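Enquirer: Protein chains in written order, with my numbering: chain A, 1 to 417; chain B, 1 to 417.
Note that these hints are calculated values from the structure, not bench results. Just to be clear, a hint being listed does not mean it is correct.
[What the hints assert, rightly or not] Below, computed lysine-lysine pairings styled on DSSO-like, alpha-carbon distance capped at 27 Å:
1) K4/A / K138/B
2) K206/A / K229/A
3) K138/A / K138/B
4) K206/B / K18/B
5) K135/B / K135/A
Predicted model only: the values in this text are computed from it and were never measured.
2 protein chains.
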Amino acid sequence: MQRKAFVLGGAHTPYIGKFHPDFIWKGHPDFGKRDNPSLGEYLRIIIPKALAAAGVEARAIDKGIVANFAGELFSNQGHLGSVAVAADPALDTKPFWRVEGACASGGIALLSAVEAVKAGADLVLVVGAEVQNTKNAKEGADYLARAADYDAQRSIDPFTFPCLFARRAKAYREAYGMSEETLAWVAVKAYANANKNPNAHMRTVKLDHERAKVASDKNPVFLSNPEYKDYLKVSDCSQVSDGASALVVASEEALERLGRSRDSVVEIAACELATSSIVGPKSLVSLDNCKAAADRAYARAGVNPDAIDVAEVHDCFSITEVMLYEALGFAAQGQAQRLLLDGATQIDGRIPVNTGGGLIGFGHPVGATGVKHALEVFRQMKGQCGDYQLAKTPQWGISANIGGDDRTAVVTIYRNL
Amino acid sequence: MQRKAFVLGGAHTPYIGKFHPDFIWKGHPDFGKRDNPSLGEYLRIIIPKALAAAGVEARAIDKGIVANFAGELFSNQGHLGSVAVAADPALDTKPFWRVEGACASGGIALLSAVEAVKAGADLVLVVGAEVQNTKNAKEGADYLARAADYDAQRSIDPFTFPCLFARRAKAYREAYGMSEETLAWVAVKAYANANKNPNAHMRTVKLDHERAKVASDKNPVFLSNPEYKDYLKVSDCSQVSDGASALVVASEEALERLGRSRDSVVEIAACELATSSIVGPKSLVSLDNCKAAADRAYARAGVNPDAIDVAEVHDCFSITEVMLYEALGFAAQGQAQRLLLDGATQIDGRIPVNTGGGLIGFGHPVGATGVKHALEVFRQMKGQCGDYQLAKTPQWGISANIGGDDRTAVVTIYRNL
Numbered sequence: 001m002q003r004k005a006f007v008l009g010g011a012h013t014p015y016i017g018k019f020h021p022d023f024i025w026k027g028h029p030d031f032g033k034r035d036n037p038s039l040g041e042y043l044r045i046i047i048p049k050a051l052a053a054a055g056v057e058a059r060a061i062d063k064g065i066v067a068n069f070a071g072e073l074f075s076n077q078g079h080l081g082s083v084a085v086a087a088d089p090a091l092d093t094k095p096f097w098r099v100e101g102a103c104a105s106g107g108i109a110l111l112s113a114v115e116a117v118k119a120g121a122d123l124v125l126v127v128g129a130e131v132q133n134t135k136n137a138k139e140g141a142d143y144l145a146r147a148a149d150y151d152a153q154r155s156i157d158p159f160t161f162p163c164l165f166a167r168r169a170k171a172y173r174e175a176y177g178m179s180e181e182t183l184a185w186v187a188v189k190a191y192a193n194a195n196k197n198p199n200a201h202m203r204t205v206k207l208d209h210e211r212a213k214v215a216s217d218k219n220p221v222f223l224s225n226p227e228y229k230d231y232l233k234v235s236d237c238s239q240v241s242d243g244a245s246a247l248v249v250a251s252e253e254a255l256e257r258l259g260r261s262r263d264s265v266v267e268i269a270a271c272e273l274a275t276s277s278i279v280g281p282k283s284l285v286s287l288d289n290c291k292a293a294a295d296r297a298y299a300r301a302g303v304n305p306d307a308i309d310v311a312e313v314h315d316c317f318s319i320t321e322v323m324l325y326e327a328l329g330f331a332a333q334g335q336a337q338r339l340l341l342d343g344a345t346q347i348d349g350r351i352p353v354n355t356g357g358g359l360i361g362f363g364h365p366v367g368a369t370g371v372k373h374a375l376e377v378f379r380q381m382k383g384q385c386g387d388y389q390l391a392k393t394p395q396w397g398i399s400a401n402i403g404g405d406d407r408t409a410v411v412t413i414y415r416n417l
Numbered sequence: 001m002q003r004k005a006f007v008l009g010g011a012h013t014p015y016i017g018k019f020h021p022d023f024i025w026k027g028h029p030d031f032g033k034r035d036n037p038s039l040g041e042y043l044r045i046i047i048p049k050a051l052a053a054a055g056v057e058a059r060a061i062d063k064g065i066v067a068n069f070a071g072e073l074f075s076n077q078g079h080l081g082s083v084a085v086a087a088d089p090a091l092d093t094k095p096f097w098r099v100e101g102a103c104a105s106g107g108i109a110l111l112s113a114v115e116a117v118k119a120g121a122d123l124v125l126v127v128g129a130e131v132q133n134t135k136n137a138k139e140g141a142d143y144l145a146r147a148a149d150y151d152a153q154r155s156i157d158p159f160t161f162p163c164l165f166a167r168r169a170k171a172y173r174e175a176y177g178m179s180e181e182t183l184a185w186v187a188v189k190a191y192a193n194a195n196k197n198p199n200a201h202m203r204t205v206k207l208d209h210e211r212a213k214v215a216s217d218k219n220p221v222f223l224s225n226p227e228y229k230d231y232l233k234v235s236d237c238s239q240v241s242d243g244a245s246a247l248v249v250a251s252e253e254a255l256e257r258l259g260r261s262r263d264s265v266v267e268i269a270a271c272e273l274a275t276s277s278i279v280g281p282k283s284l285v286s287l288d289n290c291k292a293a294a295d296r297a298y299a300r301a302g303v304n305p306d307a308i309d310v311a312e313v314h315d316c317f318s319i320t321e322v323m324l325y326e327a328l329g330f331a332a333q334g335q336a337q338r339l340l341l342d343g344a345t346q347i348d349g350r351i352p353v354n355t356g357g358g359l360i361g362f363g364h365p366v367g368a369t370g371v372k373h374a375l376e377v378f379r380q381m382k383g384q385c386g387d388y389q390l391a392k393t394p395q396w397g398i399s400a401n402i403g404g405d406d407r408t409a410v411v412t413i414y415r416n417l
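Build the full structure now, drawing on both the sequences and the hints.
Expert: Quick look at the structure:
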């Protein structure tokens, strides 16, 4: 008889970075006059925005959890619970802390909020934020390699994580005969969805299948590792984004106290975390750790993959999305390419995935991503997605947020009320 | 009717660093042949050791929480939930994650375990670890400054945190007329206690009041800031330590299942976290954020400060211990020096504080400290402290773990059963 947890709503900042029109770089008209928001600024921007969207006053919040991967490195700033509290004087002395599980930090924050509600809290603020564009791509890649087994894996390539997933792409494509052309549909879908999303990093950048399907000057390979370099192009990668997302998780009692109708909220039917040894993975062709979390989540929620109407999955690279279709049970092992060829995961398909553009199109401010997942499912369920709103209101949704090379995974199942 | 949480036991590694006989530096006979343990090694060492001490098998653990402040910086390694899982194959796919709240990370891990038990878990592993001696003192000071408001406060001194607390020492000493000689008793007590503790960083280093009470060549001031430099000597500082501590928190059901008698465990009667804005503090002469946590903890546990028989407090600097006596209600505001002059907080005093040497004597591997606090109270309650065992078994204990300049604080109250 555990206490139930609900999403009340929340907000995103725009996700920005290279190729986003508002991102201040040396070619931008405001360069030298204005700067991109800092990590602290993102927290101070997103918290009031999310509270307003959720209809909750700061003083009513019981606890807050901040998801961030590498603030100490990109922004010289840790201790982010305290930085978040600076967003509103009414938060002073409330319990706020930061959680970290690499790119799954946002999912861990959501899980921590669900646990807090089970433990007795009524209103919990979940905030995810990351700033990465303070450093160049090579330095950033070194920082992000701290999500891998740094001493053992850093040397695989200057771009460690792209290479770890190129390794998976090679293994998977060889095992199951998936062509580069087929894989390219993941990125094409991501950009097409992002082009309809005003908060997306790639909202103004077009990608057609012609460009996505083969390496070219405009879509180059960039790894150095000779064994894996041909298995990953720029278009296969998620974005190096700055941004923040936040939402409020509430107990049933809080809904009553706030006079919130059931049809304005979404129930978190299950939220499951699995963590596997940094010395891994055992299999390159399946996301076994994520599958463990997914299996538990389905069991806890009492549904199976057929019930899912909308999904947000962690497409850190295009191959990851393909493998997540299988880890989440949308396709049998080795069969995921069928979904791409059928268009089943497109916005008008049977099981729309990453309707706002995913990590490849919407962007990937690392700590924010898992929070964004939950909020995107909520927004689709409540008809808040504007130009990328699904035609049919979803009844069940799922999100899968992974950290490192599938070493941490949070799978969450949502029920529309 | 919340589920109760209990400490089952745990373990420390030795805390090591400069001046510890086992610490490998260029003057050590093993230099070049052997190296100090890495962060990953500390996690792999402490987890089996703590599980054995607690009498729990790895496969029985439901969840694990890792406390660490700055692994990304000192060790190029984040994603520490996954690094911890590497300690035992039986932990694979269990939910493990990392929490961070600067020097209060360990307290937050303890709190997260208590919340997990309230939410339904039965056995939760709490691990704290930090490695800081991979870098020199100046670089380390820059890393640790990420626990402050880096952009605003970094420039106060090359040693940012020592200076922030020298600022408090100056304000407090001027406000309440406390002499340097009186303050020195904090460090003298810390070293004397550490000299009886085989795990203490300063176990072989002596400090008498003669040396502690005034700056000298052997106990110099080292800050650059002209306003504050005379308010902090080397002997006033906690140690730059490497080390790990871990323990198991259990539900009442788990105690029954494991057949554990009440007198082998300690109840966590309250565990309260307060977080205040990084833009702070409002008062230099009181630890108001910690006091907020302490007030809530006493109310939750239903006891007052007079009941406390043993305390572990966050003496990151000697002035912090003095101010914590007041935040925890052992003395009225401005009156803490009475306790030092009376010897009340010495190991044979009325309210022994930091019996194993505290952060100044035992050492301060940042993420481990809050976990160590809890385990030290447990060990005193269960008679496991050897040469520094209290004569009278404590019935009630308290710990206060703070992060940054009192921006995060976890206060925990323990009841011996």
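Enquirer: When the structure is checked against the list of hints, which entries are broken? Sort them ascending.
Expert: As far as the earlier hints go, only 1 is violated by this structure.
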